[in-house]
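Visitor: Sequence:
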Amino acid sequence: MNYPDFLKQLNAGLIRSTIPDRATLIVAFSGGPDSSALLAGLSVLSEKKCFNLIACHVNHQIRVDSSEADELASQKIADSLGVKFLAISVNVPKISIEQKISIETAARTLRYEVLSQLSEQYDAYGVVTGHTKDDQAETVLLHAGRGAGLKGLVGMKYRSTLTFPKSDTKLTILRPLLDISRPTIISYCKQKNIKPVIDTSNNDRQYTRNKIRLDALPALEAATPGAKNALARLAENVSDDLEVVNWVVERELQEAAYSDEKILTLKN
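The sequence shown begins at 5 in our numbering and counts up one residue at a time.
Because the hints were derived from the structure by calculation, they are not lab data.
Only a predicted model underlies this, so the values are computations on that prediction, with no experimental measurement involved.
Glycine residues also receive a C-beta, built at the ideal position from the N, C-alpha and C atoms.
You can take every hint at face value.
Straight line, CA to CA, 16 angstroms or less: simulated EDC-like cross-link-like pairs of lysine to aspartate or glutamate:
id, residue 1, residue 2
1, Lys174, Glu117
2, Lys155, Asp244
3, Lys196, Asp83
4, Lys196, Asp9
5, Lys155, Glu247
6, Lys88, Glu75
7, Lys174, Asp127
8, Lys12, Asp183
9, Lys161, Asp245
10, Lys215, Glu225
11, Lys98, Glu108
12, Lys199, Glu75
13, Lys199, Asp83
Between beta-carbon pairs, the in silico distance windows are:
id, residue 1, residue 2, range
14, Asp127, Arg20, 21 to 27 angstroms
15, Ile190, Val252, 40 to 46 angstroms
16, Ser171, Val249, 28 to 34 angstroms
17, Ala226, Cys54, 43 to 49 angstroms
18, Lys88, Arg209, 35 to 41 angstroms
19, Arg163, Arg209, 28 to 34 angstroms
Please put together the full structure from these sequences, using the hints given.
Guide: Here's what the structure looks like:
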């Protein structure tokens, strides 16, 4: 099968995320450009890979004037692709106030709790998200601005595990779009005649990540062309370096000490 560039890149991302054929996948589906391109691409690749795709739209009830319309638009996209669609509502503003946490934190926490429950319900291989190379650059810049160490500069990985302490459950998160830029995403949506949902809250500068995306990153890109790609490469380079550091530390610890049950004894 001769795939266009986007699908070739997506397929490479699936391999790096170690997603096997015939896997049941919960797709985090906002209806925006990234998740729409992801869902459309997965539905095409599924003709060969035989995925069982389930698109999950979490209605955060943040934008009262458009949340329901966004949900309906998202369902329309999923239906056009022949993908099973589930919509679940969570009251993010309420939880934000009750737990005294930011809207961003409340939304992320509730969203992943929902996705975790669905993953368990459908015995899914994992949850696939539409995080792109642009998102990776934003994440690295945000962490760097907060003085992160090596672990923070790694950014997002193609495959990671999220642990929920209260329930002691774990969720596998898969990010096959991490090496794909947003312009490529937009182009693929146009090729597929998909009209993505436009989340106006992404332009609200009260949220830190929006400030990074709308102001800091464009300024850096203007001053240093290619900065987005460089930040994404930095994440990969640091990840490789951190693996080496961890390997060396583990080896040295094994050589310097031995473990007797739960007691660590240093060698002379």
